[in-house]
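A.B. asks: Whenever a hint applies, use it, and build me the whole structure from the sequences.
For reference, each letter of the sequence shown is one residue, going -18 to -1, 1 to 379 in mature numbering (1 follows the signal peptide of the UniProt record, and there is no 0).
No lab work stands behind these hints: they were computed from the structure. Note that the coordinates shown come from a computational prediction; the quantities given were computed from them, not determined experimentally. Where is the CB? At the ideal position from N, CA and C, for every residue including glycine.
DSS-like, lysine-lysine: derived pairs with alpha carbons at most 27 Å apart: (1) K26 <-> K41; (2) K41 <-> K95; (3) K233 <-> K245; (4) K349 <-> K331; (5) K91 <-> K191; (6) K279 <-> K211; (7) K349 <-> K211; (8) K201 <-> K135.
Per label pair, the in silico range of CB-to-CB distance: (9) N27 <-> L348: 51 to 59 Å; (10) S316 <-> P92: 41 to 49 Å; (11) L333 <-> V377: 21 to 29 Å; (12) E30 <-> K211: 38 to 46 Å; (13) S136 <-> E30: 25 to 33 Å.
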Amino acid sequence: MNKLFSLLFTALSFSASAQLIYIGELEMNGETPLRFNAIIKPFKNSVELNIINSQDTIKLVGKPIPGTQTWRFDFPVFNTHIRLRRLLKHWVGTFIDDDKGDTIPVVFKPASKETPRYNLSNMQAVENRFQITFEPGTSNERVAVLEYFPYTKSEIRGSILTTAGDYRFLQGSVSSDSLIMSTFDGKFAYVFVARLQGDSIFGYQFYTKANPRQFKGVKSNAARLPDPKALTQVKNDAGKIRFSLPDTEGKIVEFNANDPGAKLTFITIGGSWCPNCMDEARFLNQLYQKYNDRGVKIIGVYFEYTDKESVALPILKRMATQLKLEFPILYGGSVRQQAAARVFPQIQKVLAYPTLIALDAQGNILKTYTGFYGPGTSLFADYEREMIEWIEQVVGD
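C.D. replies: So this is what it looks like as structure tokens:
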């Protein structure tokens, strides 16, 4: 019987090598599931899973778990994975966040290219921008900007920008009175459900296991956030940045801002668990490749969900390898123990991951940048252009 089941499973799983289109569903703490687009490509001895959020595609390669009919798909960079098995036309299993210990049911259902994530009556592919507030009227009140643009004939894409960064690539549907957008990238797993009434919006952000978070706002083409260059405060009497930290190989790297060859140094405070940090790392790597031989140095100091160097270093090495980073990544300590405050006493408080610090040739802080607005937002192109123009001014010929 077991042999028969195994043969049946193999036939169902790999009878066709053509790619198959699915809508994935994560079980959420709410009535609306988190849906995302996926393509699964079965091969003779492996399975490829592509998770798609508007313009962003994440490729995962499955490995069979010995003694089972289950495949394990590890996310690149993040310490998370999906376990799946084929059940007739569906794939069913769990999404596991190893950093947090969360285990969430997931199912992949057959779909077509035209299948929307969410069906709303009278769906529209339109552009809008809202000034919103999360948890209004509470001590946790936070301002944000919600933006979306036409993606397909019936769907929209967009993002939500906060003072700490953005929610990356959101995709969903909008009608005259409703909005649903979602994203899932192996770390971010959110659904935003809202009611539209005139120029007003009222809604909730749903997580996998946390309580939903309320937001409300108004339509505004002028919606904006505080200047990210003015949020992180620098202490005047704390001295210059100095630290001795291990790199991904365990070698201690000393930084004392006394590098004769450095005209400009960027230090980014981040973590491998942070999607915005990964977007920033990709961008910084491009800057490093372009400007390193002109005196621009870049160092990443990352804080992880562990205080054990033996655990953190392999995670950071895997991240640096996956992203093909050429600038050094150092381990700063545990994010839970606020190690960033000890490594960087020169700043009042680390308000967001990532936080970027720019130093001149003498080690003086030129500017800071709190958070990162990545390629899923409308602000990324301007940020990229302004950063390159500023670097050119600083390093000269």
